[in-house]
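Student: If you want the building blocks of each chain, they are given just below.
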Amino acid sequence: MAPVNLSHRRTHNLLLISKLLSLRDTASPLTLVLDSLEQPATPLLKEYIRRAKLSKVHVTLIAFETLKQPERVDAFVTTRRKSSAEIAKEVSAVYQAVASSNPSRRRLILIDSINPLLHSRRADPGFHLPSFLGSFLAPTSPSAKVDTSLVVTYHQDVPEPPQKSPYASSPLSLLTYLATSIITLHSFSHILAQKAARDRSLAPPVFGLEEEQEGVLLGRLDKLTGTGAAEGIVIELEHRRKSGRGVLEWYLLPPASRYSPQHLKEIVTLLDDSILYNPPMERDPGAENEEPTSTFELGLTDKQRRDREGVVLPYFDAQSGNGPGEGGRILYDMGEEDDFDEEEDEI
Amino acid sequence: MSFRKRNIGLSPGVDRNAVSNTAQPAPESTPGIRPSPDDGRPTTSTGTRSLDNLLAGHAGLPMGKLLFIEENGTTDFAGALLRYYAAEGVIQDQKIHVVGVPEQWGRTLPGLIGSAESLDEKRSDRRKDDRMKIAWRYERLGEFGAVAGSRDGESREPQALSFNMLMKIAPSTPGEQDPNAKEAPAFCHAFDLTKRLTHPSITNMSFIPLLPSKESPFAAILKRLQTAIASSNASTVHRIVIPSLLNPTMYPPESSQPEVVLQFLHALKALMSAHANRVTAMITFPLSLFPRSSGLVRWIELLSDGVIELCPFPHSADATATSGAATSQEEPPQGMLKTHRLPVLHERGGGSDQNVGQDWAFILSRRRFEIKPFSLPPAEGDTEAQDTAAAGGMPKKSDLEF
Amino acid sequence: MPSQPPLPPLLAPYVSSLPDASLTLVSSILGATSNWLVLRFLHAALSSQPTSTFGADDLPNGTKKKVVLVSFLRSYEFWKTEAKRLGLDLARLTERHEFAFVDGLSELFYAPQATAAPTSSPGLGSSPRTTLPLRSPPGAVLGRAPQPAAPTGPPGNTAPKQAEPGIAKKLHFSGRGLASLDAMEKDVASVMEQQKTHMEEGDELILILDQPDLLLATTGPSMGIGATEMAEWITGLQQHAHATVLTLATDAPLIHNSSGLGQLATPIETEHAALAIGLAHRARSVMQLRTLETGAAKDVSGVLRISRGGGLSTENNLEEREALYFIQRDGGVTVFGRGES
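Those protein sequences? They're chains R, W and S, same order as listed.
So the first sequence is numbered by the numbering used here: it starts at 1 and just counts up by one.
So the second sequence is numbered by the numbering used here: it starts at 1 and just counts up by one.
So the third sequence is numbered by the numbering used here: it starts at 1 and just counts up by one.
Hints should not be assumed to be uniformly reliable.
Stated by the list, open to error - Now the stretches of chain W that chain S is said to cover, found in silico as 3 or more residues with beta-carbon under 8 Å:
1. 91-98
2. 288-296
3. 340-346
These are calculated hints, taken from the structure and not from any lab test.
No residue lacks a Cβ here, since even glycine has one placed at the ideal position from N, Cα and C.
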C-alpha cells in the first residue's frame, strides 16, 4: 500500500480507536466485544476501566460471571437469580446514588458476558434483548442527562441454544446489528502464526477448540506465545459512523505490563505498524539472502577488498614470460621413484 | 509377535504390589470371588476367561463395578458375553437380576462344560500333574519342549499370567499346592453355546420386567433391585444383567431421554457403590441405534466403570481372505474389540496398563469367546516362514531373564 | 523406581496456591479421568506440610486450609481409600473439621427405602478402618459392605443429620428447575458454613466440586435446568468459598458436536458445551487432561495442559505449560515434560 495512504489511515483510525476506548464524544453507545477462549476480553475490559478511571467516568460492571468486584469499578451489579427488569433497575439505581456528586456525567456500563442471559432457561416472558440493552442507554430522567456507553462481551465459542421461534433472528446477529462498534479479539501470536502460514500459502493453523482435539479447551500456551515478544491483543474493529459509513481496521493493544496505569498517551497501534506483523523492509531484500549465517565473519572490509584486488596471481605472472612455451609451464625434475608411463602421462 | 507378551506378569508395578500383599495370603471364602492379583480387591469372573484377563490386571471383574459392552452392527456378540456372564453367576450360586427381557432369556444360557481351566488343559495337552513339580520359571521353558510347534502358547498366555501372579502373591507358602488346583470351585467356567444350561440354581434368577409407568420406567427396576439386594443375606453376591439397554423394542421411547436413562445409571452406580462388595453389573448396548459420537452415549460411558466396544467384521463367506487371521490354522477373528475404559484402572487415572491401546480381536466359537491381540494377516505365501518363526524351539532371551 | 512424593514438584505450584475467589477448572475425558488430580488438590490443601511424606499428617500443628468435597460420581469409600495412598486420613481429618464430604452419589435421585434391612455383620461394623481396605481379606470386606444402607428417613431435602461416619451430607434431587437446585445449594452451603465455624482468622475454605456437570446431564433443559442455571448454582457456592476447584468432562461429543454446523446438536451436548466453555471463561486456570494423541504408551497415562482461563477478577500470572503424567499402580504420580522421564 502507498505510504501516504498508510499515514492517513494511521492518523484517522488511531484517533478513532482512542476515542472509542476512552469513551469520548459518545462515539459508540453500544460496543459489542466478541471474544473467545483463545483471546478473552479480560485485558480489553481492564483497559476500558483504566481509561475510564483516568477521565473520571463512572464504571458499572454487570457481572454474569465475575464473582468479586474488580479494582477500580465503581458499581458492581450481580445478576444471579435476577430478572432482566431487576437488573436494569439496579443498574439505574447505583448511578442515581452518585449522580449528584459525579461531575463528569459520563458512565460506562460493562457486561462481562451476555451469553448466560441469552442462554437462560428461566421463564422470563418479558425479556427482549433490544429493549433490555436500550434501557441502559436511555436517559432515566430528563434532569439527569448522562452519556452512557455500553460495552457488551459475547463469547463466540459458547454454543447458542436453539431458538424459541424458528423465525426469530439469532441473538448474535441481533447484537451485531444493534451495535455501533464491533470489536473482535484475536491473540497476537495466533495472528502471527496464521500470517506466517498464509505467506507460505499453507492452510492457516487453528487453535484451541477449533482444533477439535478431544480434551482440549484451550490451545494457548506460553511456549507458543514466546517470551513476551508476541504478547498483546489484536483488535479487529468494525465501526459504524454516524454518517452511516463503515470503518474496518486492525489494531494491536500491548499487554498491560508494558505501560503504567496512569499512562496517558495512546498505546494502541495499527497492526500493520507492528514490527512483528510487518517486518521492516529497509534493506535490499536480495542482499539479505547472499550471506550464509555463520559464526565466522565472512564479509570483507574495504581495505581487505582493495588488498585482495592488488594481489597478482601466479597465473598472470607466468603469462608475462617471453615467447611461446615459457609461460604456465610446470618445471619438474623426474626422480628415481617416479614411475613414468609414456602413454599415460605427458608433460 | 507370539512371544511379545510373555513377560506380562512381570511389570514392576505388579511386582511392588504383589510384595506388599504377601503379608496376607487371601483365603477363599466365597465361591466365585477371588482377590485381584493386582491389588487384592475381590473380583468375580465374567464367565469369559479372556475377558477377565483383559480387565487391567485384576483377572476378573472387580466387585462393585459396572461393565458396559457396546456393539456395532446387527450382530449379537455382546449378547453371548452377557449370557456367559449370567451363566457364570448361576454356576457360582450368585443371584442374577435380569432387566427388561422375559424369562425365556434365562433358558438360552449356554451349557456348562467344566471349568475354564479344564478346557484350556484339553486344548493345550498340558500335563497338569507335572506342572507343580518344577518351579514355575522353569515350567515356562518346558512349554517349548512339550508343545513345540503349537501356536497355542499365545492363547494360553493369560492363564500363565494369572498363574504367575498367584504364585507371587503367596510365595511364603512354598509347600502349598498349586493355588489353581486348590480352588475346588473354579473361578471361571467354560460353556457351550449350543447346549442349554441346567443347574439347580437357574430357577433362582429373577427377571425384572419393564412395566409401563407414568414416570421413569426405570424407577420400578431400581426399587426392585434395591429391595432385593438390601434384603438379601450379606454373603449373597448379585449380578445385574441388562441386555440391550434402550433397545426400542423393549424400552419405551422416553427412556432414551438423558434425564431418564442417566438418572437410572447414576442411581445404579449409587446402588452398586453402596453394596460395593457384592454386586457387579454388565450392560450391553446397541451402538447402531445410539452412536458413540453422541453426547448421551458418552455420558453413559462416563457413568460406567468399564467400557468395551465390539466392532464385528462384515460377514464374508471367504472369511480367511478378508480377516486378520495370523495363519490359516487359526480361526479367523470375527471382529475387533476396543477397550475405552477399564474398571479401577481408569478410575484412578488410567493409562498405564499394557492392555490399553492394544488392538484386540475376538473369536466366538461354540465353546469359547476368545480375545487376543489383533494382527494383520501376513502376505500370502509367507505363512511358512511365520510358522517356523513362531514355533521355534528356542526360548527368547527375555523369557529367561527375570 | 523410588517412591514418588505425593505431590509431584512440577504440579505443586498449580494445586497449592489458589488465590481468593478463583475458579480452577479441571477437565477430563473418558480415558483420562481427573480423580488423581483432585486427590493432589486434597493433598496440597490438607497435608500439614506440603513436602511431607507418608504419615506426617499426624502432626497437630496448624493447617491453614479446609476442604469441602462434593462428589457426584464417586463414593466416600473411593476417596478415602485413594487418599490413604497419599497419606491422608480423611476420617481423621473429618473429625478435626478440616475436611467434609458431601455425597452427591448415593441418594441423589433415588433414596433407598426406609425399610432396608439391617445387614451389617457383627464385629466389623462400619467404623472407619485404619488399614487399607483393599488389603484386607475379602471375607472381611464382604462383611463391611452394606454400610450405607442405613435408613435415612423420608426422601427429600429435609434429610436428617446423617449417622454415617465421614459423610457430612447426602444430596437429594427432587422436583425440577431452580427450586431443586436451590435446595441442593442450601445443603452444600450449610456444610460449608458448618466448616467455617471451626475456622480461625486467615484460614481458607476450598470447595472441590467433582463433576457437577452430571447434574446438568441428568436433568437438562426439559427439567428447567440449563447451563446458565448450573453456572449460577456454581456461583452461589463459590461465594461461600475462598477458592473453588471444579472438574468436568470435555469429551469430544460433549464439546464439539454443538459447534459443528453439519449436524444438529442434542440439548445435552449444547448445554454441556455452554457450561464447560462458559466456566473456562470464568476460570483462573484450566487444567486439561487428555490421552496421548499417538495412542497408549506403557509409561505415560496422559497429557496435562495447564492454561490460563478468561477470568476477570484475578491477577493472572500463571505460567502455562503442558506435561505428561504417569499413574503407577500404587497410586503414585509422576509429572514430567515431553522427552523427560
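Student: Would you mind marking each hint as holding or not holding in the structure?
Tutor: To see whether the hints hold, each was checked on the structure:
1. 91-98: violated (count 0)
2. 288-296: Since three or more residues must qualify, the claim that chain S covers the segment 288-296 of chain W holds, with 5 doing so at under 8 Å.
3. 340-346: holds (count 3)
Comparing the model with each numbered hint stated earlier shows that hint 1 is the single one that does not hold.
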